[in-house]
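With the sequences and hints as input, model every part of the structure.
Read off the chains here:
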Amino acid sequence: MTLGFYPGCSLEGSSREYSESVIALAKAFDIELKQIPDWNCCGATAAHNLNKELSLSLPARILAIAEREGMDEVVVPCAACYSRLTVTQHELNHDSELKKKVSGHIEMEYKGTSSILNVIQMIEKYMIDKLENKITNPWKHKVACYYGCLLVRPHDILQFDRVENPQTMDIILKKIGAIPIDWAFKTECCGAGFSVSRTDIVGKLSGNIVADATDRGAEAIIVACPMCHSNLDMRRPAINSYLKKNITAPVLYITQAIGLSIGLSEKELGLQRHFVPVTFNKIEELSNK
Amino acid sequence: MAHESNKNAETKGLIGEISKNTGVEIIKCYQCGKCSAGCPLATEMEYSPSLAMRMLQTNTSDYDEKLLTSQTIWLCVTCEMCISRCPMDIDIPKVMDYLREKSLNRKKVNPKAKNILAFHKSFLNSIRRTGRLYEIGLLMDYKARTLTLVQDLSLAPGMLLKGKLNIIPEMIKNRRLLSSIFKKTILKKKEESL
Chain R
1 MTLGFYPGCS LEGSSREYSE SVIALAKAFD IELKQIPDWN CCGATAAHNL
51 NKELSLSLPA RILAIAEREG MDEVVVPCAA CYSRLTVTQH ELNHDSELKK
101 KVSGHIEMEY KGTSSILNVI QMIEKYMIDK LENKITNPWK HKVACYYGCL
151 LVRPHDILQF DRVENPQTMD IILKKIGAIP IDWAFKTECC GAGFSVSRTD
201 IVGKLSGNIV ADATDRGAEA IIVACPMCHS NLDMRRPAIN SYLKKNITAP
251 VLYITQAIGL SIGLSEKELG LQRHFVPVTF NKIEELSNK
Chain A
1 MAHESNKNAE TKGLIGEISK NTGVEIIKCY QCGKCSAGCP LATEMEYSPS
51 LAMRMLQTNT SDYDEKLLTS QTIWLCVTCE MCISRCPMDI DIPKVMDYLR
101 EKSLNRKKVN PKAKNILAFH KSFLNSIRRT GRLYEIGLLM DYKARTLTLV
151 QDLSLAPGML LKGKLNIIPE MIKNRRLLSS IFKKTILKKK EESL
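Chains as they are written, first to last, in my numbering: chain R, 1 to 289; chain A, 1 to 194.
No wet-lab data here; the hints were simulated from the structure.
Please note that the accuracy of each hint is not assured.
[As the list claims (entries may be wrong)] Each computed BS3-like pair below joins lysine-lysine, with the alpha-carbon atoms no more than 30 Å apart: (1) K101/R - K189/A; (2) K114/A - K204/R; (3) K173/A - K111/R; (4) K20/A - K66/A; (5) K12/A - K188/A; (6) K101/R - K107/A; (7) K34/A - K52/R; (8) K121/A - K100/R; (9) K183/A - K101/R; (10) K99/R - K121/A; (11) K100/R - K189/A; (12) K162/A - K142/R; (13) K244/R - K143/A; (14) K102/A - K101/R; (15) K34/A - K204/R; (16) K20/A - K52/R; (17) K100/R - K188/A; (18) K184/A - K52/R; (19) K189/A - K99/R; (20) K28/A - K99/R; (21) K204/R - K162/A; (22) K111/R - K188/A; (23) K107/A - K66/A.
[Unchecked claim] Facing chain A, from chain R, some residues (calculated, C-beta under 10 Å): (24) S14; (25) E17; (26) N51.
[Stated by the list, open to error] Taking beta-carbon pairs under 10 Å as the criterion, some of the chain R residues facing chain A (in silico): (27) C9; (28) L50; (29) I106; (30) L150.
The model shown is predicted, which means the values in this text are computed figures rather than measured ones.
Ideal Cβ positions, reconstructed from N, Cα and C, are used throughout, including at glycine.
So this is what it looks like as structure tokens:
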């Protein structure tokens, strides 16, 4: 079968291993992901911080092209893109005047008929029933499933999972043999778009997340968002310097974890692109005691 | 009577403007403080989210001005925790978006938020030109705006080695439309620039 696919900018650049693992996983389940032709950036945080109409027009063009191409379902792996596309659909479906105005800006009719799936919804809908039969290397690791902000909030619009203690990733990870831990920072913010402009804030917020996960015994952190991944992985030096520890627990996309369990190669899943190597060591305190 | 006076208070000033343009009824806030308790950045802000709502409720130009020139509105990272816990469903992130846009248009951005704003502008500049984010271009543009030349330079070789940076920007075909969308929205007024 074929599904529409909106990779978004991160997946074509600094988070390309997320794209590689999503595509590899889809292929293993006989799903073809067809990119929305000539897609543009969703505008991310920058657009809605500075201009509302711009922040709605950019996602509206993407959705209008998907409609034109007859894509009933579009898979959007990046949690930020998923949030922007879904919020735009909600805002435009509830405001016909704004919808008309935005359609004018993008010079295309926007109807709002394509449904948007995040990566977990894609797994739940099209893979989970076939998953158990495919597992060749069960994961016997304790993991912290980290959902972050934009997969679950704003809940009224996204209507995905429980807002305070979501479970969908935990259930999927159990299916591949992993042991998801109970922890307190499942939906706390990693600092998101402040990665460059306020790295100090990211070190602190992401540091608290990594510390809680590893203090409670997690050997790896599982994510479904490129911003969460780059903040917990690439910003590990800022995290470790904030925590005054050397935490080596790796951060994996959920698609990489599943991919490993069904025998896909590390290279296909892009594990070599991580800054924190994917090995399972215990926490080492710096010798400053 | 109290209800009537609240209603009147909502029609004027910034709180009335926000209600009219976003539909968010700040007047409903009864200061339970759950937003500030859950906000990951409340400790960095000069006014916590619940205090910001109270300031708007006073409907005084003095407090409106304090908020529009605050760091608070730029430190809000729109994680949406506040609205998910608000018993009155007050969409504080939407209020913050409104205040940011107004603060920018009125040229009232707090100087301490200049790096955050510079990042947003560099980001939008990149997609205005090519349609998609060009990460190297974004970082160069940001460094030029903020003169943070050394910061993160050590990350670049690793990112290149791991294939995480595109050397050449990806360009969409319909760049004319992208440019036109920008002109009809954020660059609508002649004096605006990115």
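Now for the hints, and whether the structure bears them out:
1. K101/R - K189/A: holds (17 Å)
2. K114/A - K204/R: Holds. K114/A to K204/R sits at ~20 Å (cutoff 30 Å).
3. K173/A - K111/R: Satisfied, since the Cα-Cα distance of roughly 23 Å is no more than 30 Å.
4. K20/A - K66/A: Holds, because 21 Å separates the two Cα atoms, which is no more than 30 Å.
5. K12/A - K188/A: Given that 30 Å is the threshold and the Cα spacing comes to 26 Å, the pair holds.
6. K101/R - K107/A: holds (26 Å)
7. K34/A - K52/R: holds (27 Å)
8. K121/A - K100/R: holds (27 Å)
9. K183/A - K101/R: holds (14 Å)
10. K99/R - K121/A: holds (25 Å)
11. K100/R - K189/A: This hinted pair holds, its Cα atoms lying about 21 Å apart.
12. K162/A - K142/R: Within the cut-off at roughly 27 Å; holds.
13. K244/R - K143/A: holds (28 Å)
14. K102/A - K101/R: holds (20 Å)
15. K34/A - K204/R: Between K34/A and K204/R the Cα gap is close to 21 Å, so the pair holds against 30 Å.
16. K20/A - K52/R: Holds, because 15 Å separates the two Cα atoms, which is no more than 30 Å.
17. K100/R - K188/A: holds (18 Å)
18. K184/A - K52/R: holds (12 Å)
19. K189/A - K99/R: It holds: about 22 Å lies between the C-alpha atoms, which stays within 30 Å.
20. K28/A - K99/R: This hinted pair holds, its Cα atoms lying about 28 Å apart.
21. K204/R - K162/A: holds (26 Å)
22. K111/R - K188/A: Holds, at roughly 25 Å.
23. K107/A - K66/A: Judged against 30 Å, a Cα distance of about 14 Å means the pair holds.
24. S14: Since chain A brings a Cβ to about 4 Å from S14/R, closer than 10 Å, the hint holds.
25. E17: Hint on E17/R: holds, closest Cβ of chain A at ~8 Å, below 10 Å.
26. N51: holds (4 Å)
27. C9: holds (4 Å)
28. L50: holds (6 Å)
29. I106: holds (7 Å)
30. L150: holds (8 Å)
Checked against the numbered hints above, the structure violates none of them.
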